[in-house]
Amino acid sequence: DAGVTQSPTHLIKTRGQQVTLRCSPKSGHDTVSWYQQALGQGPQFIFQYYEEEERQRGNFPDRFSGHQFPNYSSELNVNALLLGDSALYLCASSLFGTTSTDTQYFGPGTRLTVL
Amino acid sequence: QQQVKQSPQSLIVQKGGISIINCAYENTAFDYFPWYQQFPGKGPALLIAIRPDVSEKKEGRFTISFNKSAKQFSLHIMDSQPGDSATYFCAATAQYNNNDMRFGAGTRLTVKP
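Chains as they are written, first to last, in my numbering: chain A, 1 to 115; chain B, 116 to 228.
Be aware that one or more of the hints could be misleading.
[To be verified] Per label pair, the in silico range of CB-to-CB distance:
hint, chain 1, residue 1, chain 2, residue 2, range
1, B, 172, A, 7, 30 to 40 Å
2, B, 172, A, 3, 39 to 49 Å
3, A, 57, B, 210, 17 to 27 Å
4, B, 118, A, 5, 27 to 37 Å
Honestly, the hints are just simulated from the structure, not real lab data.
Where a beta carbon is used, it is the ideal one built from N, C-alpha and C, also for glycine.
Chain B with its partners taken away, still in its complex shape (with noise of 0.2 Å):
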């Protein structure tokens, strides 16, 4: 069932540095990419989306790249802070199918102080 593949599993990152997650899907009817932030015993809240009309989107410190001849984007995080320590999940949707969204696997991020 799983048509979103994301890398890396775990991601150690000094604070102050990037933080770069990549994801690749496989079926072209996606057309809605958002990117989940959990924290432990909490539910996945959305933190940023792209549409593939547009390759690059960013809110703050977070930054979606999106590349859809390849099929893969990715989620960077610049000035990386340890209230960022999370695990990170991308998602894709088709619109007219909107909420049977697709998960990664997650990437559980650790920012050391």
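Chain A extracted, bound-state conformation (with noise of 0.2 Å):
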């Protein structure tokens, strides 16, 4: 049984420049979240998609967008980017309406290094 996998492993981009990050959830799974965690930082939330719309959003810019797909799949997209959008992006998937967030499964995360 396959757990959350994420791709690709490292990307190099330059400011300004447009990013898109994949994720399938476990198995069984619904609910996709996404996160960025900072070099030696905690991971920051993001946004949640459900059915295929975002239902949850932390305090993110409009720059940062997403989608998800009918087989539960989801995409980030980073629209210009930053110097400091360089971080770890993880993806989390979970079973919506649990009332345990046992089930949420991060994956091993996307490095994305800004130059």
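Join the two chains into one complex using the hints; note that each chain is given alone, in its own frame.
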């Protein structure tokens, strides 16, 4: 049973470019959340997708957008990249509506470097 | 945005010793407090979690102590092993908002053989 998978593993972009990161949730999960983890910091919640809609959003600008597909996989898009967007981007999947948040599983992340 | 404060930033413990990491939170609506373990190049993995209706939870060598009135909780790792060397994050969330998890800044634990 595959866990949460993310691609690519590493990515290097330059300022002003756009980037798309991808996530496939754990089998049986229908909800995907994205987090940004800056070096030496804890993850920060970006947004959550369920039923192909953004359900919740953290304190991130509109340059960060996402999408969820009918198969529950998800994409994170970041436009007009800034140096400060360099971070590890984590995807976490869960089952919507469960009362226990024990079911939130994280992927290995995508390391984005903006030059 | 950070509503969970974690200390210490780094911790060095001898093999067999006790590792203690502390966290404090602000939002009284938080009702679920997990600890995550993260190894280099990996995503965080849930280690142990507690809800505020109990003051302590133990799973093997890992124990969470929770003080609701002080809005503090801590992770104790008994008989620390070199394999426990990792970064540990405390987190908190409100059940109605269960995927907007607020994380501490992390503690880098090194267990020396």
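Evaluated hints:
no. : hint                       : in the structure
1   : B:172 <-> A:7: 30 to 40 Å  : holds, 36 Å
2   : B:172 <-> A:3: 39 to 49 Å  : violated, 24 Å
3   : A:57 <-> B:210: 17 to 27 Å : holds, 19 Å
4   : B:118 <-> A:5: 27 to 37 Å  : holds, 30 Å
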